[in-house]
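Peer 1: These are the residues of each chain, in order.
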Amino acid sequence: MTNIIDPIAEIDESRVSDGQDVVIAKSRIIFRRFMRNRTAVAGLFVFLALFLFSLVGGFLTPWNKDTIDPYNIGMGPSPDHFLGTSQAGIDLLALIVEGTRISIFIGLIVGGVSVLVSAVYGCTMAFFGGKVDAIMLFILEALIMMPAILVVAVATSGSGGLKNLPSWLLLIVVLLFFSWMGTARLVRSLSMSLMQRDYVKAAKYMGVPSRRIVWRHLVPNIGSLLVLDFTRGITGAVLAEVAFSFIGIGIKLPDVSLGVLIGQATGQVSSFPWMFWVPLTVMFLLTGSLAMMNDGLRDAFDPSSSSIGRAKRTAVRTVKKTTK
Amino acid sequence: MSTNISQTPSERLREVGLYAPGDAVLSVRDLNVRFNTENGVVHAVRGVDFDLLPGKTLGIVGESGSGKSVTSMAIMGLLPETADITGSVRYRGKELLGLSDKAMCKHRGSDIAMVFQDPLSSLTPVYTVGNQIIEALTVHNPIMSKQAKEARAVELLRMVGIPSPKDRLKAFPHEFSGGMRQRVMIAIAIANDPRILIADEPTTALDVTIQAQVLEVLHTAQEETGAAVVMITHDLGVVAGMADDIMVMYAGKPVEKGTVEDIYYNPRMPYTLGLLGAVPRVDTANKQSLVPIEGAPPNLALPVTGCSFAGRCPLVSDACLGGEPELLSVRVLANRPNTNGTDAKTAASHRAACIKAEELGGETDAHHIFRAPAKPVSKFDGVDRGEREKVLELKDVKKHFPLLKGALIKRRIGTVKAVDGLSFDIREGECLSIVGESGCGKTTTLLEIMEFHPDQQGEVVISGVSNKVATDSKTKMAMRKEMQMVFQDPTGALDPRFTVYEVLAEPLENLGMPKAAIKKRIMELMRLVGLQPDHVNRFPNQFSGGQRQRIGIARALAVNPKLVVLDEPVSALDVSVQAGVINLLDQLRAELGLSYLMVAHDLSVVRHISDRVAVMYLGKIVETGDVDEVFDNPRHPYTRALLSAIPVPDPNLERTRERIILQGDLPSPLDAPRGCNFATRCPVFAALPAAKQEKCLTLEPPLASEEAYGQEFACFFPDGEIDADMLVVHT
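First to last, the sequence lines map onto chains A and B.
The first sequence begins at 1 in my numbering and counts up by one.
The second sequence begins at 1001 in my numbering and counts up by one.
Within a straight-line C-alpha distance of at most 25 Å, the following computed DSS-like cross-link-like pairs (lysine-lysine) qualify:
(1) Lys201(A) / Lys1417(B)
(2) Lys1166(B) / Lys1149(B)
(3) Lys1390(B) / Lys1481(B)
(4) Lys1468(B) / Lys1481(B)
(5) Lys1395(B) / Lys204(A)
(6) Lys1562(B) / Lys201(A)
(7) Lys1481(B) / Lys1520(B)
(8) Lys201(A) / Lys1398(B)
(9) Lys1476(B) / Lys204(A)
(10) Lys1410(B) / Lys131(A)
(11) Lys1474(B) / Lys204(A)
(12) Lys1399(B) / Lys1410(B)
(13) Lys1410(B) / Lys1398(B)
(14) Lys204(A) / Lys1468(B)
Hints are computed from structural coordinates only; laboratory data are not their basis.
Assemble the whole structure, with the sequences as input and the hints as a guide.
Peer 2: Written out as structure tokens, the structure is:
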């Protein structure tokens, strides 16, 4: 053939004739790229460990969050109680396990569902445009202007016939209601600009149905935003839960969360320091690990980021030395 | 020879002459520029030497990233402070490098002036044009009176050919078209009678007809001021007629230097040879394949060990990898032992950085060296056009946009006739190109065809399926299979999140092809467009521009269409890469029996690739027919002007060629004339007696053919005299 064909391609021809071994699945490429970011992997491990701890941590101690140990009231860490007990004589480890589980639970659900809602809402606005866009945008603006903190206070205080629901479930619903608007607006403007791109046009001219264009071209291209928003949403929900519980309008006893534990302990930092520092550390581990993962996830999904690996780094470094 | 390669910088300086000839206005010696980037230190310019004599023009030619713009910015002192600049830049013997920004300001704009590439962004939108010219005058002439400055501004605007300059002084940049803005830029640049004018790709962003106007203005500006000009461009045609000397740059280094004749008729460096062969010619019907230069320039963040071009050079040998060849006089190389004084002087003008320079010469055939593929032959070549099937037919297609005004209640104040009654057809194995200035409706035509909607005005028939009957998705699907599109910008047309595999699989999955078959087809496609099959897992941004365009082509071919619509397929690519893509398109058309509908503004490319051509002006076809007939015997004055405006990479021809310089810009479609659309700019119309002009103004010329000519054209006076004012010959 002509010289348009690369010689290397011709050598490879025999190997790739069936094409089986060359095509790598996209998920594998994304996984590889994520694994290259060490901070992110560390973050992932910390998060998984915490998650595991919140599920099976109860087996580490014979106590549970409802049992009072009358012999150890307000005691520091000891062989009986690894993390000490509260002033009511409840094992702190059991409380932390329970609190972490609730916090992660709230975070995951609020983060995940709000991202989904905002993606669908934003894409719909951008795709249909016109009147649909105007009405949906109005609803969105109205929601943004609502004072969230009052609604949370009213809803969790049990008025309005919602008394029989557990307070953490109530908090999830309320947090969800107020968490998706900002992202939805961002998604809308992003997908509006994406609609004008040549590759969307190309897909249209190939006869790809609109539904599929939205799913295959729009959603993945706002994907890194969504992924970031998911992890950020978890962090945000955990922090919001902590904040609301701290001022006493979020989770109500007997439910426990990290926020409740921190809030309760603030008054007694000097007398029962373990009651304050342990839940705070766990909260930092939780939000910190998510923040560490954030970066790696974005790099993995975003092809324009420079996470191709560092094959040539050493060579470049030598050049720097010689020229400067 | 080996001693030359291992010369120290000081030895080299002695040879080129540390001090410039006394009369040079600008002499650059051993200019080196380094930038620090994330990936290490990039050595962007690596030893540039040249002397600029007063009144002379130096053309700096090279592909993007070759360091030509960085060189000019270094001379102007416009590089960021983080850049490391060494060497010497002397303006009339005074060293400019190392001057403070304040000291440099004295020279910038008064001694050395610059015209930038993008006229749209080089003028401040919030000041009037007059203000900006006067500002340039005030900076360097603080004592000049207000009246004097205004008078000078008017004079400058008149000099660059802006009609009614006095009123236009108060106009804002957005009221000017691109070409007019570039004229204003030139006016600002020559405001203080600079000795040196640096023009960095001054016409790249402009249409051909406007390009001709602006080049003309540059020419006058140089004549008026006697300034020396440094013309930086990637287009070998643009400099052929203007420059006295040429410097070809590659990978930050000049690889060949000489007079225009030396470079164009006697290139000694394989890169120059390749570049010249890679440019299609608008003036010849010779349908040879173009010379493709494979590969990409070296990464300048790494030290260059051998010849920088070695990786792409077909003549490469082990000796080339041993060290970077110096820029040596070619004739000295040829007969080194006995150089006498006079010989050395003539020889010094032509230098090439190639150890094989003596083997190459005027007779060397670039096609042979670069192993350009033979011109592919299609199975349809022998078949008469009338006997081939129609793959696309347009009947009176129109696209009118209403022009609305008013905030709350929209009022229709006019109609923009973007496409106004277009009819043509394309047969099997044929390439039809639509050419014209931007804004003439070329791209709208393509989009109308691609939309394929029953509500359109006019009929589009694709492989026998009309848009009037294509109401259900099944017929539409069948039509999509017949016609695919390649976009202008290869970066924008590929989803950055798709691997190449996914990009190519999309149209196939859409057809419901089984997975195994898709894989097989994709491997086939990758090979077809000359890409390595194991690159399918890469993302588009890991490919070069030319490779991306190949992916775009592969995607279009995936479903085995009969017709491929090409929207400026090579305009975003470098010349050397462009040739490879054009060759590929040529080859695919022959091998697969494809038909192309191409839109392009580069008429040389059009001439090379098409069989038929349609010239569009303001939404209408003004001339159409066989490409050779139209290009060799243009009948419509617009076609004649368009063709004469294209620069040809042949200095002798370029200097003696008659050029029709159209006045003004494309009129706004809003106030399109009632009779012939072109009358407002027509060079023939301007020369007609008033009685005949009446006909052009009231009647619309129909598209018709004439005896003895193959093409159809829409003009009442096809062979009329051209108005003398619009005709320019440089002698």
